[in-house]
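K.L.:
The whole structure should be built from the sequences, with the hints applied where relevant.
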Amino acid sequence: MPAIKKAMHAHTDLTVFGAVIAILEGGCLYEPLSNEAAQQIIKICKREQQRHIRAVDAALTLQETGKQQTHSA
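With UniProt numbering, the residue at position 25 of the sequence shown is 25, and numbering never jumps.
Heads up, a few of these hints could be off.
[What the hints assert, rightly or not] Distance condition first, Cα-Cα at most 27 Å in a straight line; then the derived DSSO-like pairs of lysine-lysine:
| hint | residue 1 | residue 2 |
| --- | --- | --- |
| 1 | Lys43 | Lys6 |
| 2 | Lys46 | Lys6 |
| 3 | Lys46 | Lys5 |
No wet-lab data here; the hints were simulated from the structure.
P.N.:
Right, dumping it as structure tokens:
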């Protein structure tokens, strides 16, 4: 898969995890018992966001390196 496509997919997933966090932090749950589950989900989403940020950075770095090599040749 081309690096730019990997970056695009990782960015899309990053955005989705951000939306889930925003919904759960926005007070949409009314039952206090749900707060513990929401906090666990938020923690998982934040961890996944970090993984996807690294994936976007790696893919964009790879894309940029490829461009530099193409222009150097």
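K.L.:
Taking 27 Å as the top limit, are the C-alpha atoms of lysine 43 and lysine 6 close enough?
P.N.:
The given pair, whose Cα atoms are some 24 Å apart, holds under the 27 Å limit.
K.L.:
Starting from lysine 46, check that the Cα of lysine 5 is at most 27 Å away, please.
P.N.:
22 Å, holds
K.L.:
Please work out if lysine 46 and lysine 6 have their alpha carbons no farther apart than 27 Å.
P.N.:
20 Å, holds
Violated hints are absent here; each numbered hint is respected by the structure.
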